[in-house]
Amino acid sequence: MAEIDQSKIRNFCIIAHIDHGKSTLADRIIEMTGLLTQREMQDQVLDNMDLERERGITIKAQVVRTVYKAKDGEEYILNMIDTPGHVDFHYEVSRSLAACDGSLLVVDAAQGIEAQTLSNVYLALEHDLDVLPIINKIDLPSAKPKQVISEIEDVIGIEAKEAPQISAKTGQNVDSVLEEVVQKIPAPAGDPGAPLKALIFGSVYDSYKGVIISARIMEGTVKRGTKIYMMATKAVEEVVEVGYFGAGKMIPCEELPAGMVGYITASIKNVSDTRVGDTITDNCRPCAEALPGYKKMNPMVYCGIYPSDGAKYGVLRDALEKLQLNDASLFYEPETSMALGFGYRCGFLGFLHLEIIQERLKREYNLDLITTAPSVIYKVYRIDGSCIELTNPSNLPHPSEIEYMEEPLVKAKIIVTTDFVGPIMQLCEERRGQYQSMEYIEQTRAVLHYYLPLNEIIYDFFGALQSRSRGYASFDYEMMGYERSDLVKLNILVNREEVDALSFIVYKGSAYERGKKMCAKLKEEIPRQLFEIPIQAAIGSKIIARETVKAMRKDVLAKCYGGDISRKKKLLEKQKKGKKRMSRIGNVEIPQKVFMSALKLDEK
Amino acid sequence: MKEMKLYVHIPFCVRKCNYCDFLSFVADKEIQERYLKALEAEIVGGSKAFMDYEVSTVFIGGGTPSLLEADGIEGILKRLKQNYFIREEAEISVEVNPGTVSEEKLKRYRESGVNRISFGCQSTLNEELKSLGRIHTFEEFMESWEFAREAGFKNINVDLISGLPGQDVNSWERSLREIASLSPEHISVYSLILEEGTPFYENQEKLNFPDEDSERMMYESTHDILAVYGYWQYEISNYSKTGYECRHNLGYWTGAEYWGIGLGSSSLIGNIRFRNTSDMKCYLENSYHPDLIQEETERLNKMDHQAEFMIFGLRLTEGVAEREFEKKFGIPLRQVYGKQIEKYWKAGLLKQERGRIFLTRRGLSLSNMVMSEFLP
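In the order they appear, the protein sequences are chains P and H. Quick note on numbering: my numbering labels position 529 of the first sequence as 529, and the sequence is numbered without any gaps. Quick note on numbering: my numbering labels position 154 of the second sequence as 154, and the sequence is numbered without any gaps.
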């Protein structure tokens, strides 16, 4: 392989709001540069998780290297990084941005700028990246490219007049995007002869190769045999293989010089040795100082995750460890629940992040899980002056020890078509929102600014938003700190025993309502048993709501003759299986779906 | 010689009742004729396999077997006698729906060997009969009842259903007393089951079904009232005067071998459960060759047999005998099911007395819960 000419490398990413077509554009680029033939193409090549294809979203950043022969006759190496769009995956975005020298901003010609368009642009600007706008979906009848261009110039303040107007779907004008990349995105800098300095921006575990590190080489060169030193974890390993990313496969190469993006394997078995954001250097010739790495993202939403089959605890631990390898924002620590046994308290960036991790655990590790009600981090100030950060409602000190509590607030920005401003404002009021301001982006669309308690948006706020705006609202938020609030712990008692997995912290003014709903829901979901079961909601020792599951009186097949026997046996088998999927609290059997449906109290 | 039971299915009805999910339908005379021919073919075709069996009971059920002319029933019984060894004292039952029989017809049944009649009465109140979708009134039942006694039947069952829309404990008790005072030898009382796909199931929200508590009160009062009239409850839904328990049905609950003839009929022969096709066309064409119409074959292993022994044995109020279990399977009952018995004995659903294990009153109503734990 000829020596790589640094000036012919372009490292860039694609950023966009959900659904504006960035994965489709990535597909087209891969196809047009001949990396895959049309026959090999399937939609959203880079979204290789089933979950990503199903939901049409990108969860994990993906890298792919292609070679493009530009109009100037030169061949360029394009390292393209596809990034997630949702606010919950900021961490992923931030990581991929650090590996790039420029970014393409895809904007839907019909939808225009949306909440996450903005937040991703700001993120790119924070990383000092050039942002090249691309107007996509011009094939749509509702496309208004001119309007969108002026929107980009007005709202974001970047030049967009010459932005390529394309349709990633049909392939129209996509070549102009490639020219744009070659001409406007700067070539990487860095001295291939300097001491090695590379940024880890991703890693996955492979059972044959060990940990596979995705890295951007900033300075120096890495090749087989290099003794690498991970500056934060202080691990030293010898490189076994380096290479770059084809579409969905890894292609080994001689070396990765400064400016390149590629992978490194070094028979690393211990996943915790390779921390995303860490700097790799040469153990024999270390660089002077580490790269700044990433801003650490702190989890904002916590919940307990338990295997429904207690024997799978170890599998769950391994799965979480492997997921965390590639998602440093995922936090977990062991916890025990009276009702659910051994599991983990996990921290997430948001509710979508939680849902995605839960789905991945189920699908990729074949785990059957029970998730407890999500909780945010509360600050509990005790009478003795100390303060604890509470992530698990079970650990709330006795009310007599508490001076006061604080809950996290977010600055929420909701973009909605003017028809739905009313219902959305109502929703925000219901969720204890404090109205700040409203402005019109254009005649038919407004931006609402609210302060909202985070614990009000982790319960299906996004779903409620979508249903009340018929899907026309987009939502973004940022943390803004803590505020003193009147909070209580709502205990749920089943047959007079407190069920830790169902207890949660709630605003005092909503406690009565929530307790009542919860009891009603549980009454619906807990099957009648041999004895009467009281279900109570309580604050401290005060019962605020009660329902009763009456004792079962009838569970019998009246008729059973020759022709029915096989069928009746199947019915009984089904009943027996159903029983296995129950958790026991005292001598009450609770179906595991109860823990799930308790999370969905706000539906309807 | 081994013992077996024979069941013959007649899948025809005048109309389909609102609660019924049995394999039955309305069919014209021509189909009925062809079906009888096919039955004969199956009877003859299957006989080779049962050379070393004696038949202890025959049950002709449906549908509405009494829809057939007397010749039909006579023909079936004649063929059976020609091809199988039917014991002298065999119990031979036919299901009869009121309004489909004359005195003459019942006399002919009697002459052709039928010695037990099972009447589908279901209720004594005409409005209830109407809501069930029955074709007869209570007066018509009374008429058929008289005919049967006149024809000389000394072993008659009457079917009733409790838990009907609009029924309450009082109206149920009145109906029950009215039937008991006729003094039939046997009464079957079924708590209504809402079966998927039936009009009752589809419209359950609109129909005024009694709640679970009153429904169970009806069940308990059935036991109490019938006891006064001299009936004993020998199974979850069956009551009789002493010595008139249905011998055919007892076979199902005690693991007897039985062969089901006709469309969709089920059989247990040796270790194998199987079922005939429910496809009329297939049945009519192939009934002579048992292999072509048998499906859903299930081979029972020892564990299955043990579970069935418990599950179906516990339907009987006398339950199961420990000695019999051990004799049959060569292992003490408690060694296999000690844990389950202990659990439900403690919960008050099972009782153990004089070497027998049986359900308590409460256990009878919650029997699914208990039985499901005996499954392998």
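It is possible that some hints are incorrect.
[To be verified] List of simulated lysine-lysine pairs, BS3-like, C-alpha gap at most 25 Å:
#  : chain 1 : residue 1 : chain 2 : residue 2
1  : P       : LYS184    : P       : LYS269
2  : P       : LYS559    : H       : LYS105
3  : H       : LYS346    : P       : LYS577
4  : H       : LYS343    : P       : LYS570
5  : P       : LYS577    : P       : LYS593
6  : P       : LYS249    : P       : LYS234
7  : P       : LYS550    : H       : LYS343
8  : H       : LYS241    : H       : LYS302
9  : P       : LYS169    : P       : LYS209
10 : P       : LYS362    : P       : LYS577
11 : H       : LYS351    : H       : LYS327
12 : P       : LYS580    : H       : LYS16
13 : P       : LYS169    : P       : LYS144
14 : P       : LYS576    : H       : LYS351
15 : H       : LYS351    : P       : LYS579
16 : P       : LYS593    : P       : LYS579
17 : H       : LYS78     : H       : LYS48
18 : H       : LYS351    : P       : LYS568
19 : H       : LYS343    : H       : LYS16
20 : H       : LYS351    : P       : LYS559
21 : P       : LYS576    : P       : LYS312
22 : H       : LYS343    : P       : LYS576
23 : H       : LYS281    : P       : LYS554
24 : H       : LYS241    : P       : LYS574
[To be verified] Derived coverage of chain P by chain H (criterion: at least 3 residues anywhere in the stretch with Cβ under 8 Å from a Cβ of chain H; other residues may be distant):
#  : stretch
25 : 546-554
26 : 575-583
[Stated by the list, open to error] Some residues of chain H that are not near chain P, with every Cβ distance over 12 Å (derived):
#  : residue
27 : LEU23
28 : SER188
29 : GLU195
30 : CYS246
31 : LEU349
32 : LEU364
Calculated directly from the structure, the hints in this document are not laboratory data. Positions of the beta carbon are idealized from the N, C-alpha and C atoms, including for glycine.
Verification of the supplied hints:
A hinted pair counts as satisfied when its Cα atoms are at most 25 Å apart, and LYS184/P with LYS269/P does not qualify at roughly 41 Å. Distance restraint check for LYS559/P and LYS105/H: the Cα-Cα separation of roughly 29 Å exceeds the 25 Å cut-off, and the hinted pair is therefore not satisfied. Simply put, LYS346/H and LYS577/P have alpha-carbon atoms about 23 Å apart, close enough for the 25 Å limit, and the pair holds. Between the alpha carbons of LYS343/H and LYS570/P the distance comes to roughly 23 Å, so the proposed pair stays at or under 25 Å and holds.
Between LYS577/P and LYS593/P the alpha-carbon distance is near 14 Å, which keeps this suggested pair within the 25 Å criterion. At most 25 Å may separate the alpha-carbon atoms for a hinted pair to count; LYS249/P and LYS234/P exceed this at roughly 29 Å. With a C-alpha separation of about 21 Å, the suggested pair LYS550/P and LYS343/H falls inside the 25 Å cut-off, and the hint holds. A C-alpha spacing of about 35 Å is found between LYS241/H and LYS302/H, which places the hinted pair above 25 Å, so the restraint is violated.
Straight-line distance between C-alpha atoms of LYS169/P and LYS209/P comes to about 36 Å, which puts the hinted pair past the 25 Å bound. With a CA separation close to 20 Å, the supplied pair LYS362/P and LYS577/P stays within the 25 Å bound. Only pairs whose Cα atoms come within 25 Å are accepted, and LYS351/H paired with LYS327/H is accepted, the gap being roughly 21 Å. A distance of roughly 38 Å separates the Cα atoms of LYS580/P and LYS16/H; the hinted pair therefore is violated under the 25 Å criterion.
Under the criterion of a C-alpha separation no larger than 25 Å, the hint pairing LYS169/P with LYS144/P is consistent with the structure, at around 17 Å. For the hint linking LYS576/P to LYS351/H, the alpha-carbon distance of about 22 Å falls within 25 Å, and the restraint holds. This hinted pair checks out: LYS351/H and LYS579/P have alpha carbons roughly 23 Å apart, not beyond 25 Å. A threshold of 25 Å between alpha carbons decides the hint, and for LYS593/P with LYS579/P the separation of about 12 Å falls inside it, so the pair holds.
At roughly 17 Å between alpha-carbon atoms, LYS78/H and LYS48/H fall within 25 Å of each other, so this suggested pair holds. Restraint check: the Cα-Cα separation between LYS351/H and LYS568/P comes to about 23 Å, which is no more than 25 Å; the hinted pair holds. With a CA separation close to 43 Å, the supplied pair LYS343/H and LYS16/H exceeds the 25 Å bound. The suggested pairing of LYS351/H with LYS559/P holds, with an alpha-carbon distance near 22 Å, which does not exceed 25 Å.
For the proposed pair LYS576/P and LYS312/P, the alpha carbon gap of about 21 Å is at most 25 Å, so the pair holds. This hinted pair checks out: LYS343/H and LYS576/P have alpha carbons roughly 15 Å apart, not beyond 25 Å. Under the criterion of a C-alpha separation no larger than 25 Å, the hint pairing LYS281/H with LYS554/P is inconsistent with the structure, at around 40 Å. In summary, the hint linking LYS241/H to LYS574/P is not supported, as the alpha carbons are separated by about 36 Å, beyond the 25 Å threshold.
Beta-carbon proximity to chain H at under 8 Å applies to 3 residues in the stretch 546-554 of chain P; the threshold of 3 is reached and the given coverage holds. Check on the stretch 575-583 of chain P: 3 of its residues sit with their Cβ under 8 Å from a Cβ of chain H, so the three-residue criterion for coverage holds. With a cut of 12 Å on Cβ distances, LEU23/H falls inside the contact zone with chain P, its closest approach being about 8 Å. Not every CB of chain P lies more than 12 Å from the CB of SER188/H, the least distance being 9 Å, so the non-interface label is violated.
The beta carbon of GLU195/H sits about 10 Å from the closest Cβ of chain P, which is not more than 12 Å, so the claim that it is off the interface is violated. For CYS246/H, the non-interface assignment is contradicted: its Cβ lies about 10 Å from the closest Cβ of chain P, within the 12 Å cut-off. Its closest Cβ contact with chain P, about 8 Å, brings LEU349/H to no more than 12 Å, contrary to its assignment away from the interface. With 12 Å as the threshold on Cβ separation, the claim that LEU364/H sits away from chain P is violated: the shortest Cβ distance comes to roughly 7 Å.
Violated hints for the displayed structure, listed by number in ascending order: 1, 2, 6, 8, 9, 12, 19, 23, 24, 27, 28, 29, 30, 31 and 32.
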